[in-house]
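Protein chains in written order, with the working numbering: chain A, 1 to 642; chain B, 1 to 148.
Rather than coming from a laboratory, the hints here were simulated on the basis of the structure. Keep in mind that a hint or two might mislead.
Said to hold, decoys possible - Which residues of chain B face chain A? A few of them, derived with a C-beta cut under 7 Å, are:
{"#": "1", "residue": "C20"}
{"#": "2", "residue": "V21"}
{"#": "3", "residue": "L22"}
{"#": "4", "residue": "V27"}
{"#": "5", "residue": "G29"}
{"#": "6", "residue": "N33"}
{"#": "7", "residue": "T34"}
{"#": "8", "residue": "G70"}
{"#": "9", "residue": "G90"}
The C-beta atom is built at its ideal place from N, Cα and C for all residues, glycine as well.
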Amino acid sequence: MTGELGQLALCFALALSLVMAVSGLMGTRAGDVAARRIASGSAMGLFVFVALAFGTLTYAFVTSDFSIIDVANNSHTTKPLIYKISGVWGNHEGSMLLWVLVLSVYAALVASLGRGGERLTSGALGIQGLLAAAFLLFIIFTSNPFLRLDPAPFEGAGLNPLLQDPGLAMHPPMLYAGYVGLSASFAYAAAALLVGEGGWARAARPFMLIAWIALTCGIALGSWWAYYELGWGGFWFWDPVENASLMPWLIATALLHSALATEKSGAFRTWTLLLAIAGFSMSLIGTFLVRSGVLSSVHAFASDPTRGFFIMVLIALAIGGALALFAWRAPSLQGGAAFEPQSRETMLLLNNVFLVAACACVFVGTLYPLVLDAINGTKISVGPPYFALTFAPIFFALLLLVPLGPQLNWKRGDLKAAWRSLYPALGLAGIAAMSVLALVSPRSVAAICAFAVAGWLIGASILDIRKRKGARASAFAAALAHAGLGVTLMGVAGTTLWRSEAITVLAPGQTMQVGPYTLRFDGVTRVRGPNYIADRGHIAVMSGGGVGAMLLPEHRFYPAEGQDMNDTAIHTTGLRDLYLALGDDRGQGRFALRAYVSPLAPLIWLGGLVMALGGMLSLWGRLRVREAEPKPAAPAMAQAAE
Amino acid sequence: MNAKKKRRLAFAAALLAAGCVLAGVVVYGLGQNTMYFHSPTDVADKQVGEGVAFRLGGLVEKGSVRHGAGADVHFRVTDGKSTIAADYNGVLPALFREGQGVVATGAMDGSGTFVATEVLAKHDEKYMPPEVVAALKKSGHWQEGGAQ
Chain A
1 MTGELGQLAL CFALALSLVM AVSGLMGTRA GDVAARRIAS GSAMGLFVFV
51 ALAFGTLTYA FVTSDFSIID VANNSHTTKP LIYKISGVWG NHEGSMLLWV
101 LVLSVYAALV ASLGRGGERL TSGALGIQGL LAAAFLLFII FTSNPFLRLD
151 PAPFEGAGLN PLLQDPGLAM HPPMLYAGYV GLSASFAYAA AALLVGEGGW
201 ARAARPFMLI AWIALTCGIA LGSWWAYYEL GWGGFWFWDP VENASLMPWL
251 IATALLHSAL ATEKSGAFRT WTLLLAIAGF SMSLIGTFLV RSGVLSSVHA
301 FASDPTRGFF IMVLIALAIG GALALFAWRA PSLQGGAAFE PQSRETMLLL
351 NNVFLVAACA CVFVGTLYPL VLDAINGTKI SVGPPYFALT FAPIFFALLL
401 LVPLGPQLNW KRGDLKAAWR SLYPALGLAG IAAMSVLALV SPRSVAAICA
451 FAVAGWLIGA SILDIRKRKG ARASAFAAAL AHAGLGVTLM GVAGTTLWRS
501 EAITVLAPGQ TMQVGPYTLR FDGVTRVRGP NYIADRGHIA VMSGGGVGAM
551 LLPEHRFYPA EGQDMNDTAI HTTGLRDLYL ALGDDRGQGR FALRAYVSPL
601 APLIWLGGLV MALGGMLSLW GRLRVREAEP KPAAPAMAQA AE
Chain B
1 MNAKKKRRLA FAAALLAAGC VLAGVVVYGL GQNTMYFHSP TDVADKQVGE
51 GVAFRLGGLV EKGSVRHGAG ADVHFRVTDG KSTIAADYNG VLPALFREGQ
101 GVVATGAMDG SGTFVATEVL AKHDEKYMPP EVVAALKKSG HWQEGGAQ
């Protein structure tokens, strides 16, 4: 019964999305109030029915209803409840349903907030209706999660143990909130092109911020998961799937900055529109890369070519349509306002140039192997050194410029004065560089540069915060986000440049040395988890003759899935991680043990969190100002937030 | 030409120049850092150069895994037609198993042994790296469903 209910809900949702598309687009005409009401109503209805479908599928997973193929293939009765729920999106069909659920949440938000005036809202709803309809068609015809299995098996096939992890349970919803969140700015941009109305950048800003915050958190979560789950001690592998989430983030970051200029000073009007289109295009391309099965990765659930083809057509239509609309309508829009070379606009322009260039490098490196494979079947992979050569210098140059932006005025600024006001930050950069030089050996230029820039960023943020003392909380958003960059940079530099590792085969009682730690192997015990059996290593971290801490890395076997997995153990001081993975059994109680010491590793994710907090401050300011001042075009809003 | 136009032109020229430099670096970077994927048969046929890094993919031959005294491991990678011996010094991923798919990064040494710097095993039971599937199909040893 549940399966049919879900199926029915999907069909209603499809019908409503079509109504929403048509009425939304009709509602862009000046007098058509009725169409606008229908569009808003169907946006709410769409959300209700997609949520119903999603709830139904979740219910089927929780109750282990194996008469549904999707549940039978991806769930198991012995799985803990949280992984039964996360199993809903741990597979292709369910994750596409989650995608549409997030889209419908954003549509409902756009309809209920109604930012930017009736016509703009209506146009945005129309575009979101088109997107929802396309993805619902994709789900119903190629990836239906409610297909039945007869006879139903007694037990399901289980979920990939790599995905049975709290970090990864939250990673896809977070990332989708970001990916699909960019659809709202995309919809607003397309609506602005249709209606020819300015002010869209302000209307769409909360959605940009939500998307950016979610992307930042999603990427951080994914990288954290890769760090502790894959057992390699790395935090970023330049894997195509990781790149697929990084590219929308880079464009979304550029969009946040460019839209700010458009909103505050009227600069870059058409460029911001183009970025909004590009941002969501990157999300779509990311969805294609991850979901079409062209990549060999833990994320590649689907290997059905019709799905890949369908998504490709969908991308072509969405991107092509939006670009055609842009080419047709953008020339008729008001041009961007002028600004002096020494101004905040110039800095934001440079920010955009660097971010887009960085994204282009990642894009080429990610897609080149796929294109080459498609052309002549040559199988290649692009290694991390490529990204170190291209992405890293561009991003580094960008970081150098970041502190200058907030110090310059809009329209006409004074670069010399800005530079002078940043002297204390320069001092902090110098101190950071000197302390690295004095405290760490062997010396490396990269480390000195990285820490100097981190000091520069954090110092400038402190100056910015001091300057704005007493202002509303949202005024500190940019300073916080930029400081977060500095924190992450220190983490990345510390981990990549100063990491030590040791791989040894140990018999019980033997010790090994890694970095400053002495580890004693106390043998292995067999333990039983809810749905796995594990060899649990007991490793004592020695300190001053005694045992400082016990670490328990595990090698787990999941019988339902017939699969092995490592569960790493991490001992952190907040500034340094000791990271242990238990390797294979070498007989007579001997085990291989892999140990890493990663200085400053926690800072990588702490910085991400700080950046996200910055975004949240800004978002909070936006929504609060709106409450206080309901008129959307009130000039006071221009001084709000940043 | 007024000052504003001049500035715009200068900016466009600078952007173009930067774009050219970027394109150059990207092309150079791709040329230096792409790694080819070879099956054991490719290695046997084409004589992949000594010391050239590439990715080797196939199945871990049954009964071929031997552990050395330390963390070193020796195994053979096969596509059913040709077999290449591989050495690796490190801890194998949890999913590494005899008779199953593997992709390893490394290079050939002088004696015809593949020295791996990184070993990746396929991610789950149902999944095979596409490169390995293609290699097995090419050598005629792919069994639909059977190798899963």
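Verification of the supplied hints:
no.: 1; hint: C20; verdict: violated, 12 Å
no.: 2; hint: V21; verdict: violated, 10 Å
no.: 3; hint: L22; verdict: holds, 6 Å
no.: 4; hint: V27; verdict: violated, 9 Å
no.: 5; hint: G29; verdict: holds, 4 Å
no.: 6; hint: N33; verdict: holds, 4 Å
no.: 7; hint: T34; verdict: holds, 5 Å
no.: 8; hint: G70; verdict: holds, 6 Å
no.: 9; hint: G90; verdict: holds, 5 Å
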